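Please construct the entire structure, taking both the sequences and the accompanying hints into account.
Residue numbers (our numbering), protein chains in the order written: chain A, 12 to 149; chain B, 12 to 149; chain C, 12 to 149.
Honestly, the hints are just simulated from the structure, not real lab data.
What you are looking at is a predicted structure, and each value in this text was computed from that prediction instead of being measured.
Check the hints yourself; a few may be wrong.
Which copy is meant is left open, so a pair is good if it fits within one copy or across any two.
[As the list claims (entries may be wrong)] Here are the simulated DSBU-like cross-link-like pairs (lysine-lysine), alpha carbons at most 30 Å apart as the crow flies: (1) K26 <-> K80; (2) K24 <-> K80; (3) K72 <-> K26; (4) K24 <-> K86; (5) K35 <-> K72; (6) K46 <-> K13; (7) K46 <-> K26; (8) K13 <-> K86; (9) K24 <-> K46.
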Amino acid sequence: MKSYRQELWFETKEKREYINITPKVRAAVQQSGVKEGLVLVNAMHITSSVYINDDEPGLIKDFDEFLEKMAPYDKSRYRHNRTGEDNGDAHLKRQVFGREVIVAITQGELDFGPWEQIFYAEFDGRRRKRVLIKILGE
Amino acid sequence: MKSYRQELWFETKEKREYINITPKVRAAVQQSGVKEGLVLVNAMHITSSVYINDDEPGLIKDFDEFLEKMAPYDKSRYRHNRTGEDNGDAHLKRQVFGREVIVAITQGELDFGPWEQIFYAEFDGRRRKRVLIKILGE
Amino acid sequence: MKSYRQELWFETKEKREYINITPKVRAAVQQSGVKEGLVLVNAMHITSSVYINDDEPGLIKDFDEFLEKMAPYDKSRYRHNRTGEDNGDAHLKRQVFGREVIVAITQGELDFGPWEQIFYAEFDGRRRKRVLIKILGE
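In structure tokens form, the structure reads like this:
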């Protein structure tokens, strides 16, 4: 059994950003030498998500509006913000979009459908944050 | 280490359907010969979900209404639909219900609680779409 | 390849509770002897969730209000409750917060970012319910 670990680091310019990390995950899978297995890709912070969907700019805008309507940025709205934070909304957005994805590796490749792309969704950026890639297989 | 891969194909009659795929996943686990491991079951398309919950018709209607209220089908509402698509709602519904489940395999069986059932949730059907089953273990 | 399985049992005092189970998952990882691998932690019931976020009491209250607003407890609101149940809301809350998390194991430890904590979220408690821990690796 082989295992492989890599971190991806981000420091977004905007508070919220949606970054296609598929090429980086693909490179990690090749680097690992794993031909049959699973790759876990997870946000290591609790105000960001990793998810799989389409890389279409209009859709990403729809996602952002959907989450902002559901859990708007608002300094005074959330109990969490009484601790001195202002990112209560980002914790909620992350809960809706999830922390992680698991993708099958088959014959050394990400075993994807036609439009699947892996995204890092930053909901409280402008600071250094990480994603973990962990690969298991052989 | 063993690995096993299988695709399930669907072409639903309705635009939205909720299909219990537990028997098919169970059969794949038996086919794989894996006694201790993990099975990943994921939608290979980005307008459908795989999730685990109860197989109760009233509940499934509740789920459908919940998602339709949160992200209604509407040709003009979503930026994504300006690309000529009409499935912006389906992308959003899929984000809420998620892409995949991972189930433990113990002694050759799905290691389930009393009511757990695996569902394929189609949000933009009437065309051929796939689910991936990937099993890892020994 | 090693595998390890453990159940955690809960019987909450309140209908809804959010319990930090990180120490128990950490102990299971040590018990398993797995140094490189994956740990799956999932609710075995369909009215509770396992998720990863911060252990901050204000935030947990925000989460609870968010879910209660989205899918309020209401005996007459849900079709599912016509079966004699009163937990339609709990099935919906669980869908939003998810069933499971997968965490990487690296050098025998949970491979976590600075604030990640694993929670069991009970949405229909006051009865005995279970979480499954399944570990795969070597």
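Checklist line | Violated hints, by number in ascending order, as checked against the structure | finding: 7, 8, 9
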